Amino acid sequence: MFELDLRSRAPMYEQLVEKIKEMIINNVLKPDQQLPAVRVLASELTINPNTIQKAYRELEHRGYIYSVPGKGSFVKPAVPGNNTARLRILENGLAKIISEMLYLGVPPQEIITRLKKLLSKKEGGKLDD
Amino acid sequence: MIEIERIGKRFQETVALREVSLSVRQGSIYGLVGSNGAGKTTLLKILAGIYKADSGALTIDSQPVFENYSIKGRTVFIPDAPYHFPNFTIKDMAHFYARIYPRWNQARFEKLEEVFNIEVKRRIRTLSKGMQRQVSFWLSLTLTPDLMILDEPLDGLDPVMRKKVKNLIIQDVAERKMTVIISSHNLRDMEDICDYIGILHQGEMLIQKDLDDLKSDVHKIQIAFSSDSPPALLQDLQVLYQEKRGSVLILIVRGPFSEIMSRMQSYRPAVLDILPLTLEEIFIYEMGDRGYEIKNVLY
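Top line first, the protein sequences correspond to chains A and B.
Mapping the first sequence onto the working numbering, position 37 (from 1) lands on 37, and the numbers just tick up by one.
To convert a position in the second sequence, counted from 1, into the working numbering, add 129.
Hints are computed from structural coordinates only; laboratory data are not their basis.
There's no promise every hint is true.
Subject to a maximum C-alpha distance of 27 Å in a straight line, what follows is the list of computed DSSO-like cross-link-like pairs (lysine-lysine) [unchecked claim]:
(1) B:220 - B:295
(2) B:220 - B:181
(3) A:71 - B:306
(4) B:295 - A:19
One side of the interface only, derived from the structure: several residues of chain B facing chain A at Cβ under 7 Å [as the list claims (entries may be wrong)]:
(5) 158
(6) 295
(7) 297
(8) 303
(9) 304
(10) 324
(11) 341
(12) 405
(13) 407
Values in this document were obtained by computation on a predicted structure and should not be read as measured data.
Quick reminder that beta carbons are idealized off the backbone N, C-alpha and C, glycines included.
Generate the whole structure from the sequences, applying the supplied hints.
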């Protein structure tokens with residue numbers, strides 16, 4: 001299905017969670033689409049099935065997927081709920097990127113323009129000023 | 130599946146194991162790591178019923194192991210130096226095991242021949258060390274064990290075979306909840322397939338944890354300030370290691386990520402990175418904390 005970076009220091013199940021999340025956010029995995037069975041994915045990626053189980057549980061806990069007993073796990077159509085911890089990490093990352101851009105001489109107004117462009121591409125519409 | 134309570138074992142004057150307790154769930158791949166001479170092989174041999182513990186209790190599926198044929202028929206042990214009867218061919222060993230192990234699966238044996246690709250008529254002792262190990266795996270997987278006890282299993286296998294063997298083990302774990310306990314110094318391989326880790330040192334169990342919990346409990350911090358470091362920076366922190374490299378302070382700290390992150394951020398550093406550690410690094414820093422470390426010797 002996809003490749004994981006075995007050299008990365010982050011725990012395997014976190015990588016899995018992030019990868020599957022990314023695919024759900026970008027609509028590569030569609031709502032109500034079934035995720036591969038734990039044993040199939042374990043075999044494909046050569047990683048511990050308990051790790052995959054954990055990742056699926058985490059995704060369910062965060063509201064990205066739901067499971068049907070006896071059938072498997074599926075992508076949840078709705079948007080997930082509480083994500084404050086993750087948002088804080090993302091904001092920290094954003095702060096780093098912006099400070100580097102400023103350091104490299106990109107004027108603040110330029111950064112805002114680029115941000116607006118990115119947002120409109122993602123939203124497919126216009127933004128209020 | 131495996132319950133070990135306060136096992137002790139000594140060989141004359143040497144105490145190999147001292148009140149070691151551990152617990153392995155069914156379907157888990159448990160990694161036993163430790164310093165040289167920590168007692169790993171001794172523990173595995175007690176588990177395999179080769180040695181008898183001096184004290185403590187050991188059960189597999191709630192039954193004691195020593196001399197228990199029904200349990201031993203479902204368990205396989207691959208030692209770090211593969212042993213095969215002299216002059217036996219692979220086919221001979223297969224016949225031998227087929228008559229002993231109740232769950233020998235001849236169809237599987239033949240299917241696995243395609244994976245390992247070694248002629249069954251070869252005398253095992255004439256094969257290279259790596260190929261002998263492959264034969265050990267071939268035979269072991271064929272007897273459909275509920276428990277695999279492996280001592281340095283991937284040592285000597287080429288990268289392609291390593292992947293194949295890991296894959297076969299994982300398939301059995303996934304399909305029929307086989308339990309595996311592996312002892313190895315190759316922490317990179319262990320990190321890939323284990324879900325639980327036990328660290329043994331000088332006969333004692335230091336830490337036993339879910340691998341992900343172990344990794345989420347220790348962090349590497351790279352922090353630098355535009356002026357001087359705040360003096361209270363290290364207060365109330367469990368610091369395993371610290372080093373100053375120029376203006377950057379490197380810290381290895383135990384504790385939850387979010388707490389440490391907000392603590393560090395509150396000091397308004399110019400540079401802050403909090404990174405996860407590899408299992409190898411965790412091992413080295415935990416050992417260093419116990420006084421087991423290499424101090425760089427300058428000649």
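Checked hints:
Proposed proximity of residue 220 (chain B) and residue 295 (chain B) is supported: the alpha carbons are some 24 Å apart, at most 27 Å. Distance restraint check for residue 220 (chain B) and residue 181 (chain B): the Cα-Cα separation of roughly 32 Å exceeds the 27 Å cut-off, and the hinted pair is therefore not satisfied. For the given pair, residue 71 (chain A) sits about 19 Å from residue 306 (chain B) by alpha-carbon distance, which is consistent with the 27 Å threshold. Taking the CA atoms of residue 295 (chain B) and residue 19 (chain A), the gap is about 23 Å. The hint holds against a cut of 27 Å.
Taking 7 Å as the C-beta cut-off, the interface hint given for residue 158 (chain B) holds, the closest approach to chain A being about 5 Å. Because the smallest distance between the Cβ of residue 295 (chain B) and any Cβ of chain A comes to about 5 Å, under 7 Å, the interface hint for this residue holds. Given hint, residue 297 (chain B) at the interface with chain A, is violated; its Cβ is 10 Å from that chain's nearest Cβ, farther than 7 Å. Of the supplied interface hints, the one on residue 303 (chain B) holds, with its beta-carbon coming within about 3 Å of a beta-carbon of chain A, less than 7 Å.
Taking 7 Å as the C-beta contact cut-off toward chain A, the hint placing residue 304 (chain B) at the interface holds, the least distance being around 6 Å. Hint on residue 324 (chain B) holds. Least Cβ distance to chain A is approximately 4 Å, under the 7 Å limit. Using the Cβ-Cβ criterion of 7 Å, the hint placing residue 341 (chain B) at the interface with chain A is satisfied: the shortest such distance is roughly 5 Å. Of the supplied interface hints, the one on residue 405 (chain B) holds, with its beta-carbon coming within about 4 Å of a beta-carbon of chain A, less than 7 Å.
For residue 407 (chain B), the interface hint holds, since its Cβ comes within 7 Å of a Cβ in chain A; the closest pair sits about 5 Å apart.
Hint compliance for this structure: hints 2 and 7 are not met, and every other hint is.
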